[in-house]
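Student: As a plain string of letters, each chain reads:
There are 2 protein chains.
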Amino acid sequence: MMVCRGEWEATWSRKAAEEAETVAAIECSGHGKAYLDGVVLKGHQPGCECHDCYTGSDCSKFLSNCSANAGSGDPYFLEPFWTKHAASSGVLVSGWHRMGYTYSDGSYISQLLLDYLQKLHARVGNAITEGKHIVFGSGSTQLLNAAVYALSPNHSSPAKVVATAPYYPVYRTQTQFFNSRDFSYEGDTSSWINKTDSNYTFIEFVTSPNNPDGKLTKEVLEGDNVKSINDRAYYWPHYTPIPSPADDDLMIFTISKLTGHAGSRFGWAIIKDEAVYEKMLTYLEMNTMGVSREAQLRALKLLDVVLHGDDEKEIFQFAYSTMTNRWKRLKETISKSKRFSLQKLSPQYCTFFKRERDLSPAYAWLKCEREEDKNCYEILEAAGINGRQGSVYSADNHYVRLSLIRSQDDFDILINKLNTLVAKH
Amino acid sequence: MMVCRGEWEATWSRKAAEEAETVAAIECSGHGKAYLDGVVLKGHQPGCECHDCYTGSDCSKFLSNCSANAGSGDPYFLEPFWTKHAASSGVLVSGWHRMGYTYSDGSYISQLLLDYLQKLHARVGNAITEGKHIVFGSGSTQLLNAAVYALSPNHSSPAKVVATAPYYPVYRTQTQFFNSRDFSYEGDTSSWINKTDSNYTFIEFVTSPNNPDGKLTKEVLEGDNVKSINDRAYYWPHYTPIPSPADDDLMIFTISKLTGHAGSRFGWAIIKDEAVYEKMLTYLEMNTMGVSREAQLRALKLLDVVLHGDDEKEIFQFAYSTMTNRWKRLKETISKSKRFSLQKLSPQYCTFFKRERDLSPAYAWLKCEREEDKNCYEILEAAGINGRQGSVYSADNHYVRLSLIRSQDDFDILINKLNTLVAKH
Chain E
1 MMVCRGEWEA
11 TWSRKAAEEA
21 ETVAAIECSG
31 HGKAYLDGVV
41 LKGHQPGCEC
51 HDCYTGSDCS
61 KFLSNCSANA
71 GSGDPYFLEP
81 FWTKHAASSG
91 VLVSGWHRMG
101 YTYSDGSYIS
111 QLLLDYLQKL
121 HARVGNAITE
131 GKHIVFGSGS
141 TQLLNAAVYA
151 LSPNHSSPAK
161 VVATAPYYPV
171 YRTQTQFFNS
181 RDFSYEGDTS
191 SWINKTDSNY
201 TFIEFVTSPN
211 NPDGKLTKEV
221 LEGDNVKSIN
231 DRAYYWPHYT
241 PIPSPADDDL
251 MIFTISKLTG
261 HAGSRFGWAI
271 IKDEAVYEKM
281 LTYLEMNTMG
291 VSREAQLRAL
301 KLLDVVLHGD
311 DEKEIFQFAY
321 STMTNRWKRL
331 KETISKSKRF
341 SLQKLSPQYC
351 TFFKRERDLS
361 PAYAWLKCER
371 EEDKNCYEIL
381 EAAGINGRQG
391 SVYSADNHYV
401 RLSLIRSQDD
411 FDILINKLNT
421 LVAKH
Chain F
1 MMVCRGEWEA
11 TWSRKAAEEA
21 ETVAAIECSG
31 HGKAYLDGVV
41 LKGHQPGCEC
51 HDCYTGSDCS
61 KFLSNCSANA
71 GSGDPYFLEP
81 FWTKHAASSG
91 VLVSGWHRMG
101 YTYSDGSYIS
111 QLLLDYLQKL
121 HARVGNAITE
131 GKHIVFGSGS
141 TQLLNAAVYA
151 LSPNHSSPAK
161 VVATAPYYPV
171 YRTQTQFFNS
181 RDFSYEGDTS
191 SWINKTDSNY
201 TFIEFVTSPN
211 NPDGKLTKEV
221 LEGDNVKSIN
231 DRAYYWPHYT
241 PIPSPADDDL
251 MIFTISKLTG
261 HAGSRFGWAI
271 IKDEAVYEKM
281 LTYLEMNTMG
291 VSREAQLRAL
301 KLLDVVLHGD
311 DEKEIFQFAY
321 STMTNRWKRL
331 KETISKSKRF
341 SLQKLSPQYC
351 TFFKRERDLS
361 PAYAWLKCER
371 EEDKNCYEIL
381 EAAGINGRQG
391 SVYSADNHYV
401 RLSLIRSQDD
411 FDILINKLNT
421 LVAKH
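These protein sequences, in sequence, are chains E and F. Under the UniProt record's numbering, read the first sequence as residues 1 to 425, first letter to last. Under the UniProt record's numbering, read the second sequence as residues 1 to 425, first letter to last.
Hints are computed from structural coordinates only; laboratory data are not their basis. Here the structure is a predicted model, which means the values were calculated and not measured. Just so you know, even glycine gets a beta-carbon here, dropped at the ideal spot from N, CA and C. Keep in mind that the hints are not guaranteed to be accurate.
Claimed, not checked - In silico negatives: residues of chain E with every beta carbon more than 12 Å from chain F:
id: 1; residue: T22
id: 2; residue: F178
id: 3; residue: T217
id: 4; residue: K272
id: 5; residue: D311
id: 6; residue: N325
id: 7; residue: L330
id: 8; residue: R339
id: 9; residue: L345
id: 10; residue: E356
id: 11; residue: E369
id: 12; residue: R370
id: 13; residue: A382
id: 14; residue: S391
id: 15; residue: H398
Unchecked claim - Taking lysine to aspartate or glutamate and the DMTMM-like style, the derived pairs with C-alpha atoms no more than 20 Å apart in a straight line are:
id: 16; chain 1: E; residue 1: K15; chain 2: F; residue 2: E18
id: 17; chain 1: E; residue 1: K15; chain 2: F; residue 2: E9
id: 18; chain 1: F; residue 1: K15; chain 2: E; residue 2: E18
id: 19; chain 1: F; residue 1: K15; chain 2: E; residue 2: E19
id: 20; chain 1: F; residue 1: K15; chain 2: E; residue 2: E21
id: 21; chain 1: F; residue 1: K15; chain 2: E; residue 2: E7
id: 22; chain 1: E; residue 1: K15; chain 2: F; residue 2: D304
id: 23; chain 1: F; residue 1: K15; chain 2: E; residue 2: D304
id: 24; chain 1: F; residue 1: K15; chain 2: E; residue 2: D310
id: 25; chain 1: E; residue 1: K15; chain 2: F; residue 2: E7
id: 26; chain 1: F; residue 1: K218; chain 2: F; residue 2: D248
id: 27; chain 1: E; residue 1: K15; chain 2: F; residue 2: D310
id: 28; chain 1: F; residue 1: K15; chain 2: E; residue 2: E9
id: 29; chain 1: E; residue 1: K15; chain 2: F; residue 2: E21
id: 30; chain 1: E; residue 1: K15; chain 2: F; residue 2: E19
id: 31; chain 1: E; residue 1: K331; chain 2: E; residue 2: E369
Okay, chain E solo, but in the shape it has when bound (with noise of 0.2 Å):
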């Protein structure tokens, strides 16, 4: 077909425009996605890679007698969102894109991506960064190892790492992991209330909207040899409500939670103390040299989407809405049974809605409410719904974490899936 356009052409950059293309229109009947490095097959073509419970090459077979997928925090609920804006959300990275270890100015740290950090939490009222330091790391699950090397002594006797039930596992499980002579994880904050041995110092996670429940939360314990980690990871207008913007001494946050890119590996933490900023950075330069390049060049695409896009609030009004539909939804089902509850949260207002606003929480932390039910993964199991056991986060098994940032295929099936078990009983 001869075409004929007034416009700029592309020369070296063409093959990369099509083949990107290429994949892209590949559709895969909505339940799935076609990638540059997905599976190829013969014809040396990338192939559909299907939504759980969808197969088939073009993934239009549904598996009727498969189980709902709401175990793992993928937030591909944000994908729709990208598709949508394919334009100016797309990078094209050249053969020669900064081959180097450092930038200009000699950091792992690219300053145009720091700048809009600041802007997008100044614009959004989450989070005080004037007058504090930025690293990033590869996905928050770097930095919060970072901050626990960094707040703990040297030489001395070890920290003590401690969460407040129930908690993201990945606290223990990666204190434990490197098990330095700096620190060790010693349990839950209820264990040291009013016993903390000044001759120590404490590390206390806090997670706030809290991974699973979803609640506003705030340190327990107290003293001066008490630092806290704070992962603000769901601190996003997405998941809570913005009462005030946060302003701890050590925040963690993630690209993951607040764009849906969980697979790119970039967080960033923001600090108040120097020393710590130092220690973190020295943390980054031993594990991994910085965050990749690639990492940090598109997180400046998508947040050039999010900060620039002729409506300044669009991704926050979709996630908004897609969350809020959900919990809506799940409500509805899960209020027609007294064999299941879900976690109790308050509207609250919310500073960048200027609002009251509804709930959307990232996770349902659902219970089995009958004292016999003493395994509630296993009864949801038994249903054809996978969730996640409340003892992964140090908490009764009466409870099970559901995820709700899903696909929404994912989300459509659990609601079935729910409906059914809800109407047996």
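Chain E is fixed; fit chain F onto it per the hints.
Tutor: Relative to the frame of chain E, chain F by itself:
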């Protein structure tokens, strides 16, 4: 301008393609680069980032009283290869590319990239991958530490980590920084010959070719309780003859010294023992939840050019020819003086090029021959040459490492400064 083409036309990818080409068209006089995420000027265009000793908005101004940068191992010498292969090496990352935590097989590892790495090693003949396991890391940096953790016994006497001077300092600094109860850094292998108490596990770092001196090396310690981590970063035809494929129990490679993309933070380890492999996977999960999807996609694209270009040996020929040329020029300069000498390397048959090849090490390991020149670094520094002190590599300060793998500008300035220095004596 009206353009008519009988070809495919970009739709949503046009913006990304145009942005990439616009930035690429900023020429920076051949003494710098403009990047998509570069310094943004008032007109909102990224500007030139100049090579060392060049300045001005287009990097055209040479600073004659500026020191040669022969310090860090940024592999910029490969940049011209990628600008030449602009069309085949660019990759367009869509906004929705791989948002989830895992690939479709539930792992953090792209199977297609893994296949490419196996093909690459088979083609180059520098490592045996058959019957072995491969893990990916955020640069070899992360894998070095993952390997130390994986080889250390748990809940037993800490493993003793050792290396043979001169050695890459990260082995020591990283092991000391993480300060695990499971291992400790115990200095040079020379202190442990015939003293490897079988109550302890020894972990020996072996770098071959060695950084800084380019020599092919082997384990020094012997015994069933000695495990080795073989850092094979430089075991490519760029820098060394390949006498035979490496078949060590644990080998670490990095894209940094293969394609020159240090900033991507992508490395891989080839592991014989399944239990060690599983422990390294656990480390990678606990530390960063795998490697950025963007970095993996880009590595795939770059390896596609390496493997499937018109000329199968092209990148190796390019790298070898650049590096032999640099070594010849350096040798010619240094041979004019008795005050300085270079490491002695022997030409050897290379199974890749199928002939005895010339020398082309990544670094010069320069020695100040006079006894009184106890700080060779300062002598060079006074002559406007910034290398790295011998003591950084746990060697005598009569030695200095000079990086030969930086940009042509850096190398040319280095040779000029050396010629002036040598002419003085």
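Student: All hints are to be evaluated individually against the structure, with a verdict given for each.
Tutor: Quick rundown of the hints versus the structure:
1. T22: violated, 9 Å
2. F178: Its Cβ does come within 12 Å of chain F, the nearest being 7 Å, so this is violated.
3. T217: holds, 24 Å
4. K272: holds, 23 Å
5. D311: Given a closest Cβ separation of 16 Å, the condition holds.
6. N325: holds, 20 Å
7. L330: holds, 21 Å
8. R339: holds, 31 Å
9. L345: Per Cβ check, E:L345 is outside 12 Å of chain F; nearest 26 Å; holds.
10. E356: holds, 31 Å
11. E369: Holds, since 32 Å exceeds 12 Å.
12. R370: holds, 33 Å
13. A382: holds, 23 Å
14. S391: holds, 19 Å
15. H398: Nearest chain F Cβ is 27 Å from E:H398, so the label holds.
16. E:K15 <-> F:E18: holds, 13 Å
17. E:K15 <-> F:E9: holds, 11 Å
18. F:K15 <-> E:E18: Holds, at about 13 Å.
19. F:K15 <-> E:E19: Holds, because 15 Å separates the two Cα atoms, which is no more than 20 Å.
20. F:K15 <-> E:E21: holds, 13 Å
21. F:K15 <-> E:E7: Distance ~12 Å between F:K15 and E:E7 Cα, so the pair holds.
22. E:K15 <-> F:D304: holds, 13 Å
23. F:K15 <-> E:D304: holds, 13 Å
24. F:K15 <-> E:D310: holds, 16 Å
25. E:K15 <-> F:E7: Distance ~12 Å between E:K15 and F:E7 Cα, so the pair holds.
26. F:K218 <-> F:D248: holds, 10 Å
27. E:K15 <-> F:D310: Distance of about 16 Å is within 20 Å: holds.
28. F:K15 <-> E:E9: Cα-Cα ~11 Å, so holds.
29. E:K15 <-> F:E21: Satisfied, since the Cα-Cα distance of roughly 13 Å is no more than 20 Å.
30. E:K15 <-> F:E19: Given pair E:K15, F:E19 holds - Cα atoms ~15 Å apart, limit 20 Å.
31. E:K331 <-> E:E369: holds, 15 Å
Going through the hint list in order, the structure does not satisfy hints 1, 2.
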